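Given chain F's structure and the hints, the job is docking chain W onto it.
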Amino acid sequence: MATAVLHDRGGPSRPVRYGSISRSRKRALVWSYVFLVIFAIFFLMPPVYMFITSLKTSQEISAATNPWWVFDPTLANYIELLSSNQYLTFFKNSAIISIAVVIITMCVSIPAAFALSRMKFWGSTTLATGVFLTYLIPETLLFIPLFKTFAFVYEYTGIQLINNWWVLLFLYPTLTVPFCTWIMIGYFASIPKELDEAAIIDGASYVQTLTRIFIPVALPGIIAATIFAFTVSWAQFLYPLAFTTSTDQLVLPVGIITTLIKGDVFNWGQIMTGALLGAAPPLIIYAFLMDYYIAGLTAGATKG
Amino acid sequence: MAQVTLRKVVKKYDDTLAVRGIDLDIADKEFVVLVGPSGCGKSTTLRMIAGLEEISDGDIAIGGTIVNDVPPKDRDIAMVFQNYALYPHMTVHENMSFGLRLKKVAKDEIKRRVENAARILDITELLARKPKQLSGGQRQRVAMGRAIVRDPKVFLFDEPLSNLDAKLRVQMRTEIKKVHQKVRTTTVYVTHDQVEAMTLADRVVVMNGGLIEQVGAPNDLYHAPTTKFVAGFIGSPSMNFIPCRLEEASGALIARMGEVSLPLPEARTARYKPYVGKEVLFGLRPEHMTERRPYATGQPQDFSVTVDVVEPMGMETLLYFRINGVEVAARVEPTSAVASGEVMPLAADLAHMHLIDPATDKVV
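Residue numbers (numbering that gives the first Met the number 0), protein chains in the order written: chain F, 0 to 303; chain W, 0 to 363.
In isolation and in its complexed conformation, chain F is listed as follows:
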């Protein structure tokens, strides 16, 4: 009855308070931070541990002291690694391969994505799906048939592909091209059809439409694909482990494992230092291009 009386006064009734928007937002924020902190600790623990260990001497690592504290910090591991020709060769191999793979991938993916998304031809949609499906086949299944293929090539032509760093330039794109093409197809699809029609009427050829309209407009997507291709090739472990063996042909991840573990002697200080330094380049690239990366991955989510 009380509400009826309130209605008579001409104002809206004020029901029992069940909560408020600001209070539920605050509660949601608290929980968000709780989980963010948990995950941050979980994911940051290994690199922090690596960093701490990289500053220790071998004696201190094997001593039964607090593993989370450095009592006698030293840069010896860094100096030793950075002045070792072997480690720098690994680094150089990794850098050359990753950059070359990124270039190869982009040269294949961008025109492929343009053709598949814009030049409607018979079977183009099936082909686009097929490109993505090939990405779903894991490299752990692929490396044995690839190995057999290389052996076959050697048998018939005498060309030895195994144990050459440059052979990785053919192998990595099998991982990067499908995914990058897929990202680019999605990105190109979000570009309105009228834009290429306007370019056609303005007198642009297909190549000019691609280079002067599509590539600049799709730059965030291209950068996202570049970062992906770089990360995949930089972190690739299985293919170089299977296909390269001589120390001068190794890339960083494999090199660290094979040269710094001698029999059952683990040179932990240098392993940690090497891995930490090896993780730096992708980290730096991410830091600079993060905004573009996110814009690229969320393209099409909101029509821009």
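Rather than coming from a laboratory, the hints here were simulated on the basis of the structure.
Listed next, the in silico DMTMM-like pairs over lysine to aspartate or glutamate satisfying Cα-Cα at most 25 angstroms (straight line):
#1 F:K119 with W:D68
#2 W:K11 with F:E193
#3 W:K152 with F:E196
#4 F:K119 with W:D13
#5 W:K177 with W:D201
#6 F:K119 with W:E53
#7 W:K129 with F:E193
#8 W:K131 with F:D290
#9 W:K131 with F:E196
#10 F:K192 with W:D192
#11 W:K102 with F:E193
#12 W:K176 with W:D24
#13 W:K176 with F:E193
#14 W:K72 with F:E196
#15 W:K129 with F:E196
#16 W:K72 with W:D107
#17 W:K28 with W:D58
#18 W:K72 with F:E193
#19 F:K119 with W:D73
#20 W:K152 with W:D56
#21 F:K261 with F:E59
#22 W:K103 with F:E196
#23 W:K152 with W:E93
#24 W:K110 with W:E124
Listing some non-contacts, in silico: residues in chain W with all C-beta distances to chain F over 10 angstroms:
#25 S55
#26 N67
#27 E258
#28 S260
#29 P264
#30 Y271
#31 R321
Examples of chain W residues lying across from chain F (beta carbon under 7 angstroms, computed):
#32 L51
#33 G98
#34 K102
As the structure is a prediction and not an experimental result, all values here were calculated from the model.
Cβ coordinates follow ideal geometry from the N, Cα and C atoms, glycine included.
Using the frame of chain F, we list chain W on its own:
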């Protein structure tokens, strides 16, 4: 000289015919508007003129040359799209000059043309901006500017005002008309809005179901439609179609629609005579059914109806009522105070009536 000629043009998508063989002659410097409901083939026709769609059959000629197999860039046309289609990474200046730069036109010539177009469209101060920094109306101007700088034989507009809000649309409509008066280029303009068609066109082409229903000056289409479709499409609210029976009484013809019956103009007796005794459609626009006025001209005929719905519009009031089972609209002065349920005496201006043969949907 750039007349556009379409001869028996057909567009087929797989098995569906989008355009079913149309003939159209567009004179040099003429402003022609293709209008019709969605799916009538008007956009397809425009895109075929542009060269963005291939022609399944027939011929299209621009300036006397058949261009069936000529790529868009060599047809010397410019097109303005519904969503503007500005290149988002280029400034207004770069957007407008893109086509000229591809053609390798000299730098100062490009500069001269862009500045001239910018002056016509009043966008000189926007030349350094990117499209995302512009409002909808400004983007539309830039899209038009991009067309003007190319100095083409034909302008093509594909529903250019549909993305603008109502107020801006009216403003840009006037703008387009002004630009055409300044630039004087053959223009083909596609819209689904009959008001745009009427206000802009030298000639309107009404399309329906892949065919041309009627071609004519805006006022001709309004006053002398040849088909039921055109009669209903042009004008808002649309023409009333009331089923009636034609009767002859002492030499004069009467249209009997339930309890209402109206005498037909004497001058048309001979034309309507073959339909005596038949069921036909009586067409009359709402603006020709008004309250009785002492000074009314023509052949006002009185009748009374019970009003169902009253819609005040400000400058006029629309009344809805039923005659012979169909809903009919009438336009009256806002001062004619009636409420729904009341009986309203009205007068029909029969000089503007049309008779439609339901068998052919043609105006008799």
